[in-house]
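One line per chain: the protein sequences are Z and W, in this order.
Each residue of the first sequence is one higher than the last, beginning at 1 in our numbering.
Each residue of the second sequence is one higher than the last, beginning at 1 in our numbering.
These are computed hints drawn from the structure, not numbers from a lab.
It cannot be assumed that every hint is accurate.
[Said to hold, decoys possible] Simulated crosslink set (EDC-like; lysine to aspartate or glutamate; CA at most 20 Å straight-line): (1) Z:K335 to Z:D352; (2) Z:K241 to W:E5; (3) Z:K264 to Z:E71; (4) W:K117 to Z:E226; (5) Z:K331 to Z:E303; (6) Z:K245 to W:E113; (7) Z:K241 to W:E305; (8) W:K117 to Z:E227; (9) Z:K107 to Z:E80; (10) Z:K145 to Z:D325; (11) Z:K264 to Z:E56; (12) Z:K107 to Z:D74; (13) Z:K323 to Z:D304; (14) Z:K245 to W:E116; (15) Z:K357 to Z:E80; (16) Z:K261 to Z:D283; (17) Z:K175 to Z:D325; (18) Z:K241 to W:E116; (19) Z:K26 to Z:E71.
Computed from a prediction, not measured in an experiment: that's the story for all the values here.
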Amino acid sequence: MKKMIISLAVALAASTAAVSAQAADKTKACFVYIGPKTDGGWTQAHDVGRQYVEKELGDKVETQYVENVPEGPDAARAIERLARSGCSIVFTTSFGYMDPTLQVAKKFPKVKFEHATGFKTAPNVTTYNSRFYEGRYIIGQIAAKMSKTGVAGYIASVPIPEVVMGINAFEQGAKSVNPNFKMKVVWVNTWHDAGKEADAAKALIDQGVDILTQHTDSAAPMQIAEERGIHAFGQAFDQIKAGPKAQLTAIMDTWGPYYVKRIKAVMDGTWKGGESSWDGLKDGILTMAPYTNMPDDVKKMAEDTEAKIKSGELHPFTGPINKQDGSAWLKAGEKADDGTLLGMNFYVEGVDDKLPK
Amino acid sequence: MGIFESILLTIATAATPLLIAAIGELVVERSGVLNLGVEGMMVMGAVCGFAGASLAGSPWIGLLAGVAAGAVFSQLFAVLTLSIATNQVATGLSLTLLGLGLSGMIGEPFVGEAGEKLPSLFIPGLSELPLVGRLVFGQDPIFYLSVILALVTAWFLFRTRAGLTLRSIGDNPASAHALGIAVIRYRYLAVLFGGACAGLAGAHLSLVYTPQWVENMTAGRGWIALALVVFASWRPARVAAGAYLFGGVTIGQLHAQALGFGIPSQLLSALPYLATVVVLVMMSRNKRLMMVNTPASLGRPFVPER
Numbered sequence: 001m002k003k004m005i006i007s008l009a010v011a012l013a014a015s016t017a018a019v020s021a022q023a024a025d026k027t028k029a030c031f032v033y034i035g036p037k038t039d040g041g042w043t044q045a046h047d048v049g050r051q052y053v054e055k056e057l058g059d060k061v062e063t064q065y066v067e068n069v070p071e072g073p074d075a076a077r078a079i080e081r082l083a084r085s086g087c088s089i090v091f092t093t094s095f096g097y098m099d100p101t102l103q104v105a106k107k108f109p110k111v112k113f114e115h116a117t118g119f120k121t122a123p124n125v126t127t128y129n130s131r132f133y134e135g136r137y138i139i140g141q142i143a144a145k146m147s148k149t150g151v152a153g154y155i156a157s158v159p160i161p162e163v164v165m166g167i168n169a170f171e172q173g174a175k176s177v178n179p180n181f182k183m184k185v186v187w188v189n190t191w192h193d194a195g196k197e198a199d200a201a202k203a204l205i206d207q208g209v210d211i212l213t214q215h216t217d218s219a220a221p222m223q224i225a226e227e228r229g230i231h232a233f234g235q236a237f238d239q240i241k242a243g244p245k246a247q248l249t250a251i252m253d254t255w256g257p258y259y260v261k262r263i264k265a266v267m268d269g270t271w272k273g274g275e276s277s278w279d280g281l282k283d284g285i286l287t288m289a290p291y292t293n294m295p296d297d298v299k300k301m302a303e304d305t306e307a308k309i310k311s312g313e314l315h316p317f318t319g320p321i322n323k324q325d326g327s328a329w330l331k332a333g334e335k336a337d338d339g340t341l342l343g344m345n346f347y348v349e350g351v352d353d354k355l356p357k
Numbered sequence: 001m002g003i004f005e006s007i008l009l010t011i012a013t014a015a016t017p018l019l020i021a022a023i024g025e026l027v028v029e030r031s032g033v034l035n036l037g038v039e040g041m042m043v044m045g046a047v048c049g050f051a052g053a054s055l056a057g058s059p060w061i062g063l064l065a066g067v068a069a070g071a072v073f074s075q076l077f078a079v080l081t082l083s084i085a086t087n088q089v090a091t092g093l094s095l096t097l098l099g100l101g102l103s104g105m106i107g108e109p110f111v112g113e114a115g116e117k118l119p120s121l122f123i124p125g126l127s128e129l130p131l132v133g134r135l136v137f138g139q140d141p142i143f144y145l146s147v148i149l150a151l152v153t154a155w156f157l158f159r160t161r162a163g164l165t166l167r168s169i170g171d172n173p174a175s176a177h178a179l180g181i182a183v184i185r186y187r188y189l190a191v192l193f194g195g196a197c198a199g200l201a202g203a204h205l206s207l208v209y210t211p212q213w214v215e216n217m218t219a220g221r222g223w224i225a226l227a228l229v230v231f232a233s234w235r236p237a238r239v240a241a242g243a244y245l246f247g248g249v250t251i252g253q254l255h256a257q258a259l260g261f262g263i264p265s266q267l268l269s270a271l272p273y274l275a276t277v278v279v280l281v282m283m284s285r286n287k288r289l290m291m292v293n294t295p296a297s298l299g300r301p302f303v304p305e306r
């Protein structure tokens with residue numbers, strides 16, 4: 001009942017939140033958001049990208065967005081409404097919109113769809129993603145250097161490949177500095193509940209963690225870290241305001257340039273479906289916030305790693321790597337292929353958690 | 001501070017907003033009115049609490065602003081359901097929707113702003129006592145308010161004449177009216193109290209729990225408070241027990257995960273809700289208990305004959 005009422009409420013709120021303006025000669029780009037556009041994290045990063053589009057393309061483009069769209073059947077309705085309302089291209093910005101996006105795309109073959117973080121495409125659907133794991137490898141290294149207790153806390157949202165990949169990358173980075181480094185993982189099973197994220201942060205700190213990282217959308221864990229005097233990493237967005245003494249760096253999603261590139265492709269007719277784009281640090285879709293609150297040698301290490309990842313010299317998933325159960329995954333020198341990473345459903349050796357199935 | 005004490009403190013923080021909102025709704029429902037707008041009033045309390053604290057530069061002003069916002073917002077519901085006798089379920093639901101939307105609008109300039117936390121009590125010596133020091137003498141002011149609210153509400157409902165009158169209105173407004181009791185006025189006051197409590201619970205979220213404003217930050221806590229009232233069969237002591245049980249299971253499951261017991265996390269996350277369902281089922285099997293405590297005219301509009 002509670003769930004039902006909430007999703008009903010959210011759907012209604014979402015349908016009233018859409019902003020619209022109509023003009024004939026403009027290309028209309030539309031966005032579907034899972035959270036409020038001011039969540040200080042994931043969704044806000046996308047909305048900053050949308051504003052960047054408006055700034056860069058000026059009056060050649062108009063944008064529209066729908067906020068707070070829950071994953072599931074409601075998503076299909078919200079996406080379909082946008083497709084009907086004359087959008088040339090629709091960006092669906094959450095993993096759980098994957099099947100709804102494909103479903104709606106089938107009905108509207110002329111409309112172009114781009115789905116973030118998914119792995120299914122169609123003639124008028126592409127996927128796009130950012131190599132977040134590159135940033136997570138860097139913060140794993142920083143964590144292993146900075147932690148005094150030798151244990152980091154990882155606040156995870158829901159067990160999808162994206163999140164599992166992040167945990168593995170963090171572990172790989174930490175292990176490369178300190179093979180005995182430990183990590184405690186707590187799943188909160190939500191993307192956006194500041195209270196619950198704060199609770200998880202407190203629980204982890206109480207159990208001896210002195211560095212926090214998160215794969216959820218609010219700045220609450222950063223705030224708790226600041227309050228308890230430990231360090232943390234910002235997620236999706238620079239969270240230095242919430243943790244001026246706590247934030248070491250943040251993995252910042254920088255979608256704007258990608259959106260501009262794709263919308264331009266729609267305008268000049270070069271947009272092609274069925275493709276997958278997966279850019280990383282070197283393309284600027286992912287940037288690291290300034291390295292703060294750490295000694296110079298740690299900062300230097302982080303900058304070196306960042307440079308090596310950008311140049312292609314370092315791939316966070318380079319063998320030898322075993323799976324959690326000790327079975328071999330990558331041979332020495334072998335690099336993980338994108339397909340395996342995007343569908344990652346196993347932990348690497350050293351992760352001290354049981355992966356929820 | 002030991003881990004045990006720290007866990008209890010975290011539980012108290014998680015339970016406090018639920019307890020306050022549920023106590024408020026309990027009084028409303030005891031008067032025979034069902035206000036499903038708790039979530040909406042709570043989120044209004046959260047945003048106005050944060051805005052007030054930010055604009056005035058004092059979290060205490062924020063606290064007052066949150067309470068006032070919840071109270072004022074509840075009167076919209078009161079006018080519609082009590083004076084015009086609209087359907088309470090539909091009106092309550094719209095109040096929640098309106099609150100969620102309106103709070104997002106009001107809160108927009110405050111997003112990403114670092115909030116100021118209400119200071120916690122600190123008594124040298126007492127607050128430093130082992131095990132219970134922080135728990136009893138070192139918490140935030142809203143925690144103490146929640147304890148006082150629960151005690152005073154229990155006393156008011158079952159030990160005072162006005163409380164008896166309120167309960168009789170909830171059971172049979174027509175008879176109460178015939179006896180010359182101002183049914184509608186009582187109900188207005190009950191709804192006002194419920195709104196103020198929901199506002200206070202919301203202010204707790206944005207001034208103590210996570211001192212920041214994010215849209216929809218109540219994240220369903222208003223609905224949990226509503227469930228707690230039924231869970232507690234409309235008794236204040238049981239509301240308190242329920243709120244702490246819910247908070248305890250919520251925090252306990254996070255610790256269980258961090259300790260790595262290997263229990264599926266989805267199951268653990270569902271535990272607080274499962275516990276609520278189990279208690280509800282157990283209670284509804286006891287027909288007599290339900291009959292005695294359920295306000296008999298709950299949710300039914302009452303229009304006094306002239």
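(request) Sort out whether E80 of chain Z lies within 20 Å of K357 of chain Z, counting only the CA atoms. (result) Judged against 20 Å, a Cα distance of about 31 Å means the pair is violated.
(message) Hint check: K145 of chain Z vs D325 of chain Z, CA-CA at most 20 Å. Holds or violated?
(response) Violated - the C-alpha atoms of D325 of chain Z and K145 of chain Z are around 26 Å apart, more than 20 Å.
(request) Take the C-alpha atoms of K264 of chain Z and E71 of chain Z, compute the straight-line distance between them, and say whether it is at most 20 Å. (result) This hinted pair is violated, its Cα atoms lying about 28 Å apart.
(request) Take a quick look at whether K331 of chain Z and E303 of chain Z sit within 20 Å of each other, Cα to Cα. (result) 27 Å, violated
(request) Decide if the proposed pair is consistent with the structure: K107 of chain Z and D74 of chain Z, CA atoms, cutoff 20 Å inclusive. (result) 16 Å, holds
(message) Next pair to validate is K261 of chain Z with D283 of chain Z; report whether the Cα-Cα distance is within 20 Å.
(response) Judged against 20 Å, a Cα distance of about 12 Å means the pair holds.
(message) Next pair to validate is K26 of chain Z with E71 of chain Z; report whether the Cα-Cα distance is within 20 Å.
(response) Since the Cα atoms of K26 of chain Z and E71 of chain Z sit roughly 29 Å apart, the hinted pair is violated (cutoff 20 Å).
(message) For a C-alpha distance cap of 20 Å, please report whether K335 of chain Z and D352 of chain Z respect it.
(response) Distance ~23 Å between K335 of chain Z and D352 of chain Z Cα, so the pair is violated.
(request) Take a quick look at whether K245 of chain Z and E116 of chain W sit within 20 Å of each other, Cα to Cα. (result) 16 Å, holds
(request) Measure nothing beyond the straight line between the CA atoms of K264 of chain Z and E56 of chain Z; if it is 20 Å or shorter, mark the hint as holding. (result) 10 Å, holds
(request) Starting from K175 of chain Z, check that the Cα of D325 of chain Z is at most 20 Å away, please. (result) Given that 20 Å is the threshold and the Cα spacing comes to 17 Å, the pair holds.
(message) Tell me if the straight-line CA distance from K241 of chain Z to E305 of chain W falls inside 20 Å.
(response) 59 Å, violated
Taken one by one, the earlier hints fail for this structure at numbers 1, 2, 3, 5, 7, 10, 13, 15, 19, listed in ascending order.
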